[in-house]
Amino acid sequence: MGSLCIKEGSVKSKNVSKQEKDDHTMENNNINSETTKVESKMNEEKAIKENTMPRTELSNLKKFSKEEVENSETLMMVDGYVVETAGFQEEHPGGKRAIEQYRKKDATLMFMSSHSHYGAEKLMELVVGQIDGYPNVGEKVKQLL
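In terms of UniProt numbering, the numbers along the sequence shown are unbroken and rise by one, the last being 145.
Derived Cβ-Cβ restraints for the label pairs, each shown as a range: (1) M110 to S59: 21 to 31 Å; (2) L58 to P93: 26 to 36 Å; (3) Y118 to E73: 24 to 34 Å; (4) E20 to K96: 52 to 62 Å; (5) P135 to E90: 26 to 36 Å; (6) A98 to E20: 53 to 63 Å.
In silico DSBU-like links for lysine-lysine, alpha-carbon gap of 30 Å or less: (7) K122 to K140; (8) K105 to K63; (9) K62 to K142.
Simulated from the structure, these hints should not be mistaken for laboratory data.
All C-beta atoms in this analysis are idealised placements derived from N, C-alpha and C, irrespective of residue type, glycine included.
Model the full structure from these sequences, guided by the hints.
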């Protein structure tokens, strides 16, 4: 019977070894999956940063004078962009008062000091034009993206 115990021990040892291999493989697969997710997110963020309103597309934006924005009920300026705020004030995480307070004005300083890349992405969805003659339109906002 002693030899039988040794054989059972050997079989058990092989099973544990196989289980350890399976666990190790699963762990590696999980790590690879997480690495792929992180790399994918980084690539997505890089693409957004590089492709959001590239300089070549600035020429396609309607040009507004500062006076046009100042006389509008729904426009504001952020880093040379003209932003349409109608319909967004209710959605704004900071409340509609924050939007109303900066309509007709240049909100660049406030925007840059209080928004992350998520805010910058949303801003880019609301851009309808650019201020005619504004130097380096969007350069500050791009730093957030």
